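Asker: For reference, the chains in residue letters:
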Amino acid sequence: MGIAIRLLERFKLVTIHRRILKKPLPEKVSYGYCLGGMAFTFFLILAATGMMLTLYYVPSETEAFNSVLKITEDVPLGWLVRSMHKWAASLFIIFILLHTARVFAAKAYRAPREFNWMIGVMILVLSMGSGFTGYLLPWDQKAYWASEVGTSMAGTVPFVGEYLLQFVRGGRDVGAQTLIRFYSAHAFFIPVSIAVLLWMHFHIVRRQGISGRL
Amino acid sequence: MSELLKSHEMKRREFLKRTINVFIATSALIFSALFFRFVAPMFRRSSTEYFYLMPEEELPKRGVKKVEFPLQLDGRKKTGWIFISVVDSKVLALSPVCTHLGCIVTWDNNASEFVCPCHAGRYNCAGEVLSGPPPGPLARLPLKIDSGNVLIGWKV
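From first to last, the protein sequence lines stand for chains L and E. Residue numbering for the first sequence follows the working numbering, starting at 1 and increasing by one per position. Residue numbering for the second sequence follows the working numbering, starting at 1 and increasing by one per position.
Bound-form chain L, shown alone (with noise of 0.2 Å):
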């Protein structure tokens, strides 16, 4: 008997898989019921992707943007990894936006699944955060100014504005600080948080199963 199939029996990973993957579907899904999917792939490209980037990156102020220099002309394949962690970003909320669309067109976000799309908002939040804080990290002249102009939104909250400021920048202005802050954000906090998240989004619909077409 071949190792794997010994493997999958004694710890009864069939049973368990028969239970994920061979849940039986409602009549009637279409393609549009892959969006979610679609987006969650791309989640695992940018996690491979980033944590290849993570070996070449170095977040300071001085070596940032030559380092980024580096992975991309002179590592090998290093413009392919970067350039799939840029196109895979944006086709991750690409993705989340149409399934987002999608759930509210088959109104799936209604009782009893309303704990799930509040999930799955939370989600999006954070993959825009990765979206934002990824931005300066190349330390150009383009994510400097992003920064700059993206944060100082927070400066126009009422009253505890300018201390939300200097919380998101780590100091009175983008710099070393908030690149650090940025970096960690983007490569740790943002990621771990969204794969938790993700986790619950499937389990709950593993437990409440897909809702139907009306």
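Because the hints were derived from the structure by calculation, they are not lab data. Source: prediction; values computed, not measured. A virtual CB, placed ideally from N, CA and C, is assigned to each residue, including glycine. Certain hints may be false.
[What the hints assert, rightly or not] In the PhoX-like style, the derived pairs of lysine-lysine whose C-alpha atoms are separated by at most 20 Å in a straight line are:
#1 E:Lys11 x L:Lys22
#2 L:Lys23 x E:Lys17
#3 L:Lys70 x L:Lys22
#4 L:Lys22 x E:Lys17
[Claimed, not checked] Here are some of the chain L residues that sit facing chain E, going by a computed Cβ distance under 8 Å:
#5 Asp74
#6 Val81
#7 Ala108
Since chain L is already given, all that's left is putting chain E on it; use the hints.
Answerer: Structure of chain E alone, referenced to chain L:
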């Protein structure tokens, strides 16, 4: 549903399953190839940088000359040196580093040979081993004479 139709359905399902498996396996293979290419250690393409050593007229006609040059090591200015050896009117730039364990050899003018003080390795004026433990001849540095200047090559 007739038996025939059922078995046909199962074949279709089997085919789709296999197609998906092949697709996933191929993607995983391509991606791991990409990963290992990406994280593979980078070796700098070695190129030879030439720097100025001395004017051409100071080259010895024959014999061995110790030539000093300024050197910057860890931000501190030091003096390095190499041996310029002229053998049969051919100019050689010899590294003074013994090939045995890396001690610095000296030129013994009376015996006309390089002697390593550590384990008595001996080399002739062309840097070839005469006796002792060194496994190979003294390293020859690339040397170039360009419009009256002697240039020494350095692998970077």
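Asker: Indicate, hint by hint, whether the structure satisfies it.
Answerer: Here is what the structure says about each hint:
1. E:Lys11 x L:Lys22: 17 Å, holds
2. L:Lys23 x E:Lys17: 15 Å, holds
3. L:Lys70 x L:Lys22: The given pair, whose Cα atoms are some 45 Å apart, is violated under the 20 Å limit.
4. L:Lys22 x E:Lys17: 12 Å, holds
5. Asp74: 7 Å, holds
6. Val81: With Cβ-Cβ at 6 Å, under 8 Å, it holds.
7. Ala108: At 26 Å from the nearest chain E Cβ, Ala108 of chain L fails the 8 Å test, so the hint is violated.
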